[in-house]
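Trainee: So you can see what is in the structure, the chains are spelled out below.
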Amino acid sequence: MSATGPATESTAGAGARQDRYETVVGLEVHAQLRTESKIFCGCSTKFGARPNTQVCPVCLGLPGVLPVLNERAVRFAVMTGLAVGAKVAERSVFARKNYFYPDLPKGYQISQYDRPLCTGGGIDIRSGGGWKRIGLVRIHLEEDAGKSLHPEGREGVTTTRVDLNRSGVPLIEIVSEPDIRSGTEAYDYLIRLKQILMYLDVCDGNMEEGSLRCDANVSVRLKGQAAFGTKAEIKNMNSFRNVERAIAFETDRQIRIVESGGRVAQETLLWNADKGIAETMRSKEEAHDYRYFPEPDLLTLDLDPAWVEAVRSELPELPHQIRDRLTRDFGIPEYDAEVLTETRSLATYYEEVARRSGNPKLASNWIMTEVNGIRNKEGQSIEEFPIRPDRLGDLIKMIATERISGKIGKQVFEMMLTRPEGPDELVKAHGLLPIDDEGSLRALAREVIAANPGPAAEVRAGKERTFAFLVGQAMKQSRGRAHPEKIQEALRKELGAG
Amino acid sequence: MPIDAKVVHDVAALSRLQVDPSEEARLVKELASILSYVEQLQALDVSGIEPTSQVGSGSKPPLREDRVKPSDVRDEALAQAPDRDGDYFRVPRVV
Chain V
1 MSATGPATES
11 TAGAGARQDR
21 YETVVGLEVH
31 AQLRTESKIF
41 CGCSTKFGAR
51 PNTQVCPVCL
61 GLPGVLPVLN
71 ERAVRFAVMT
81 GLAVGAKVAE
91 RSVFARKNYF
101 YPDLPKGYQI
111 SQYDRPLCTG
121 GGIDIRSGGG
131 WKRIGLVRIH
141 LEEDAGKSLH
151 PEGREGVTTT
161 RVDLNRSGVP
171 LIEIVSEPDI
181 RSGTEAYDYL
191 IRLKQILMYL
201 DVCDGNMEEG
211 SLRCDANVSV
221 RLKGQAAFGT
231 KAEIKNMNSF
241 RNVERAIAFE
251 TDRQIRIVES
261 GGRVAQETLL
271 WNADKGIAET
281 MRSKEEAHDY
291 RYFPEPDLLT
301 LDLDPAWVEA
311 VRSELPELPH
321 QIRDRLTRDF
331 GIPEYDAEVL
341 TETRSLATYY
351 EEVARRSGNP
361 KLASNWIMTE
371 VNGIRNKEGQ
381 SIEEFPIRPD
391 RLGDLIKMIA
401 TERISGKIGK
411 QVFEMMLTRP
421 EGPDELVKAH
431 GLLPIDDEGS
441 LRALAREVIA
451 ANPGPAAEVR
461 AGKERTFAFL
471 VGQAMKQSRG
481 RAHPEKIQEA
491 LRKELGAG
Chain D
1 MPIDAKVVHD
11 VAALSRLQVD
21 PSEEARLVKE
31 LASILSYVEQ
41 LQALDVSGIE
51 PTSQVGSGSK
61 PPLREDRVKP
71 SDVRDEALAQ
81 APDRDGDYFR
91 VPRVV
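Here the protein sequences line up with chains V and D, keeping their order.
Note that the first sequence ends on residue 498 in UniProt numbering; no numbers are left out.
Note that the second sequence ends on residue 95 in UniProt numbering; no numbers are left out.
Be aware that one or more of the hints could be misleading.
[Stated by the list, open to error] Listed below are the simulated DSBU-like cross-link pairs for lysine-lysine, each with C-alpha atoms no more than 35 Å apart in a straight line:
1) V:Lys397 x D:Lys29
2) V:Lys486 x V:Lys428
3) V:Lys410 x V:Lys397
4) D:Lys60 x V:Lys106
5) V:Lys194 x D:Lys6
6) D:Lys60 x V:Lys97
7) V:Lys235 x D:Lys29
8) V:Lys147 x V:Lys223
9) D:Lys69 x V:Lys407
10) D:Lys29 x V:Lys194
11) V:Lys106 x V:Lys46
12) D:Lys69 x V:Lys147
13) V:Lys106 x D:Lys6
14) V:Lys223 x V:Lys132
15) V:Lys463 x V:Lys428
16) V:Lys87 x V:Lys97
17) D:Lys60 x V:Lys87
18) V:Lys97 x D:Lys6
19) D:Lys60 x V:Lys147
20) V:Lys97 x D:Lys29
21) V:Lys275 x V:Lys132
22) V:Lys407 x V:Lys377
23) V:Lys275 x V:Lys97
24) V:Lys194 x V:Lys46
25) V:Lys106 x V:Lys235
These aren't lab readings, by the way, just hints derived from the structure by calculation.
Looking at chain V on its own, in the form it has when it is part of the complex (with noise of 0.2 Å):
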């Protein structure tokens, strides 16, 4: 049997096979930390630059250089560890780990192996109606490789390109407890390590450019069962999003291998987005022997508790902070505080609309619904959405206030997005302001029954559906601005008097 072939479409009767077992996944993650210069030396890490531009003799990893640690680096490491609970270390220690591949210049990559920065902590995720803490086993300070350009699938091509400006760029490697167990939970864990990363500023979160990567370690076992299954590394997701569905592709694929008598090789795959499957890489059997030895180029990191508490106290506040904070100080609920947190930016912003609108519940419902309908349409950012929050909350509040229905409230909303006036201008200016007072809208019914003299006879003969309508004509006539309920007082009135 092999343990490798795609999986074929699903049988009837595999899901009741399936239910019999559990997924165990762990994640890896490389971020990418925004520093100004790489790790060890000066260059610069911007991305981008024209290939081999932003390199010196220790990135190139040339003889007789000496690498001086990046302290941006270490704070921004720190700072993730604190923000996930992590313990850091009073002294870590930089590691050799050592292989060939063209694009590591010096045959070994500077990491931190036995004894990293940050131990345990944990990441809170949703599953099924609640919360789960994914536990952390350890961060870590490392140096990215530079970059490899494959001839992919070229034939006749005999070599590879090599771009060494990402060499030497720094990383912290993020390694999860097996705590995951299922694709979708992988899929939010990765969204809100990533909130948190972004959150704390300490990464730009762009998966395309490599700022953010991820591995998954998968296996399976029988629900019940205490021991691992052998796991299987699948590399080359590129997305969340592939990470889910690559998760749920190695499940199933793990679970008819075993399920047909086989065994699990203990491997490395390479998921492959476009045909949906993941592919062998290379055996693990031969596992890589990285021959790990403490750096002797970098002194032990000794890190002052009073440095790193400083660093604490210094911490922004965080995602899950500020949902606790909002769904008490506006008692708007957990779900909204959820959606509106998704960047610290929609954040303040939801918290200014709030505030100037006197109304945090509508300001939340128009935020999640109106504002974000639109830059989800349009693809912005809220930083680059065209009505600001104080417009926003002027609006808000003359809806709270009743100064003007929802339905004109759209209407001004429309319109704020390609204008720069206030709500109270538009209202003015376009005449939006409500009808409401007994005399126009008497005279407002009487043109609606003279315009459809049939449905008003209708009425008056009993047909008491067809008065809806007519309330419908009065609403569309005055553009939405008559009184609801008035304008169904007045249209009594005047099909009475008539």
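With chain V fixed as given, assemble chain D onto it according to the hints.
Mentor: The following block gives chain D in isolation, referenced to the frame of chain V:
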């Protein structure tokens, strides 16, 4: 750790070294002799002693301020490389 031909092979493979079969026996012997010499250290009682990863541990490591120091050594580096392709280093195909 007993040194045999397999160990010599594995270490050579990891180090990308080509070992001539005629050298194998000699290398097994020499490696074993070197390691047994180093193994004398095992006799020391080091329990409770912090491993000396680096000489100078305990002193503050020098940290750099995060500032870009441009270094355009591209042309020089590429000129010294065995092979290049425009702005890139060129190596034998690896995938």
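Trainee: Please go over all the hints and tell whether each is borne out by the structure.
Mentor: Here is what the structure says about each hint:
no.	hint	verdict
1	V:Lys397 x D:Lys29	87 Å, violated
2	V:Lys486 x V:Lys428	21 Å, holds
3	V:Lys410 x V:Lys397	13 Å, holds
4	D:Lys60 x V:Lys106	25 Å, holds
5	V:Lys194 x D:Lys6	45 Å, violated
6	D:Lys60 x V:Lys97	24 Å, holds
7	V:Lys235 x D:Lys29	41 Å, violated
8	V:Lys147 x V:Lys223	41 Å, violated
9	D:Lys69 x V:Lys407	58 Å, violated
10	D:Lys29 x V:Lys194	53 Å, violated
11	V:Lys106 x V:Lys46	22 Å, holds
12	D:Lys69 x V:Lys147	21 Å, holds
13	V:Lys106 x D:Lys6	27 Å, holds
14	V:Lys223 x V:Lys132	18 Å, holds
15	V:Lys463 x V:Lys428	38 Å, violated
16	V:Lys87 x V:Lys97	24 Å, holds
17	D:Lys60 x V:Lys87	20 Å, holds
18	V:Lys97 x D:Lys6	22 Å, holds
19	D:Lys60 x V:Lys147	33 Å, holds
20	V:Lys97 x D:Lys29	28 Å, holds
21	V:Lys275 x V:Lys132	32 Å, holds
22	V:Lys407 x V:Lys377	21 Å, holds
23	V:Lys275 x V:Lys97	33 Å, holds
24	V:Lys194 x V:Lys46	20 Å, holds
25	V:Lys106 x V:Lys235	24 Å, holds
Of the numbered hints listed earlier, those contradicted by the structure are 1, 5, 7, 8, 9, 10 and 15.
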